[in-house]
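Peer 1: Produce the entire structure from the sequences given, and follow the hints as far as they go.
To convert, note that position 75 of the sequence shown is 75 in full-length UniProt numbering; the numbers rise steadily by one, no gaps.
One should not assume that every hint holds.
Label pairs and their calculated CB-CB ranges [claimed, not checked]:
1. Arg199 <-> Pro150: 17 to 25 Å
2. Leu288 <-> Ala204: 17 to 25 Å
3. Val105 <-> Thr265: 26 to 34 Å
4. Pro88 <-> Val198: 27 to 35 Å
5. Val95 <-> Asn211: 39 to 47 Å
6. Asn251 <-> Leu225: 15 to 23 Å
7. Arg209 <-> Thr237: 33 to 41 Å
8. Leu274 <-> Ile235: 16 to 24 Å
9. Val92 <-> Thr265: 27 to 35 Å
10. Thr287 <-> Ile235: 31 to 39 Å
11. Pro150 <-> Cys217: 22 to 30 Å
Derived from the structure by calculation, the hints contain no laboratory data.
Small disclaimer: the values here were computed from a predicted structure and weren't measured.
Don't be surprised by glycine CBs; every beta carbon is placed ideally from N, CA and C.
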Amino acid sequence: MDPVLQRQSPRRKTPTALASATAPLAGRTATTTASLAGRVDLTMASLVGLSTATTASPASPASPVGLTSSGRPDLPETNGSASGRPGPEAVVVPVVFGLIFVVGVVGNTLVMVVIGRVKSSGGARALSPTNIFIMNLSVADLLFILFCVPLHATIYSLPEWVFGAFLCRFGHFFSNVTMLVSIFTLVAMSVDRYIAVVRSKSFACVRSRRNALFGLCVIWTLSLLCSVPVAQHYILTNHPRAPNSTFCWENWSGAPRVAYKVSVTLLGFVTPLLLICCCYTRVSSQTLSFHGMIWDCCRSKTRVNNRTGRSKRKVLSSSSSSSSSSSTCTSPP
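Peer 2: In structure tokens, the structure reads:
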């Protein structure tokens with residue numbers, strides 16, 4: 001063959017030559033792939049570590065602001081903003097609860113002091129049945145404010161429950177007890193007013209200090225017994241979205257929970273509301289039917305008797321207003 005043509009014709013590489021030529025390229029490709037895989041693994045590990053550190057941080061803003069219908073805590077995606085900062089409820093709710101705490105403590109303390117200094121006609125300090133019920137109502141409200149309001153305020157201001165299992169159960173248990181005591185006391189006050197105005201002649205012996213104290217014992221015992229299931233089913237646990245945080249919520253679902261809620265609603269709201277409405281309706285009709293005669297009698301009485309009549313009407317007015325406001329506040333959602 002002509003040497004010129006031999007130089008111009010392409011040389012065919014043998015398989016051995018091709019393998020030796022592609023070996024460095026394959027080695028470089030494998031090295032580059034391994035390096036990229038290592039970087040991806042390091043990046044994923046860093047992201048997982050950052051997520052774990054963020055979840056385990058004690059300053060995590062996630063907090064249970066309520067309970068869902070299934071009994072799981074309703075944890076927000078971000079408590080207030082996308083930056084993870086606490087929402088406005090973390091400041092507004094504790095401030096409002098603080099005002100309720102101050103006003104409630106001062107108001108109920110003044111009521112108890114005033115009632116404790118009331119003297120009977122003989123000069124001795126003896127509480128009437130009406131004053132006994134008002135005193136018990138103030139005591140129940142004061143206990144709720146002292147022991148329950150601060151605990152409920154921390155649900156919105158702290159990222160998790162920090163008071164332990166005992167206060168988790170005691171706070172919700174005692175809150176339910178004081179609520180039922182207040183409702184049952186209002187029922188007793190309405191029955192007392194009904195007897196005093198409508199059945200003053202036939203049931204006058206029922207309105208005694210001894211019977212009023214016995215009624216308070218029944219009220220507190222019934223309220224404690226009705227609140228036992230609440231203490232049994234509130235526990236400390238965590239949530240899948242915040243596994244390193246502890247929350248206090250009701251671990252109770254199914255038919256028993258529904259049956260208890262319905263029973264408490266009937267016993268602690270519907271029945272008392274019906275009794276209160278019936279009693280004050282009868283009292284109002286009795287007062288209106290004899291309004292003209294009472295007014296004529298009051299004009300012919302002395303100043304002392306007029307003062308007594310006005311005080312009784314004030315007691316009736318305050319009792320009815322307390323019952324109506326309490327029924328509105330304790331109505332189920």
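Peer 1: If a hint holds in the structure, say so; if it doesn't, say that too.
Peer 2: Results for each hint:
1. Arg199 <-> Pro150: 17 to 25 Å: violated, 43 Å
2. Leu288 <-> Ala204: 17 to 25 Å: Holds: the Cβ-Cβ distance is about 22 Å, inside 17 to 25 Å.
3. Val105 <-> Thr265: 26 to 34 Å: Distance hint for Val105, Thr265 holds at roughly 30 Å.
4. Pro88 <-> Val198: 27 to 35 Å: With Cβ atoms ~51 Å apart, the hint is violated.
5. Val95 <-> Asn211: 39 to 47 Å: Given range 39 to 47 Å: holds, Cβ gap about 43 Å.
6. Asn251 <-> Leu225: 15 to 23 Å: Given a distance of about 21 Å, which is inside 15 to 23 Å, the answer is holds.
7. Arg209 <-> Thr237: 33 to 41 Å: violated, 48 Å
8. Leu274 <-> Ile235: 16 to 24 Å: Distance hint for Leu274, Ile235 is violated at roughly 35 Å.
9. Val92 <-> Thr265: 27 to 35 Å: Distance hint for Val92, Thr265 holds at roughly 29 Å.
10. Thr287 <-> Ile235: 31 to 39 Å: violated, 51 Å
11. Pro150 <-> Cys217: 22 to 30 Å: holds, 28 Å
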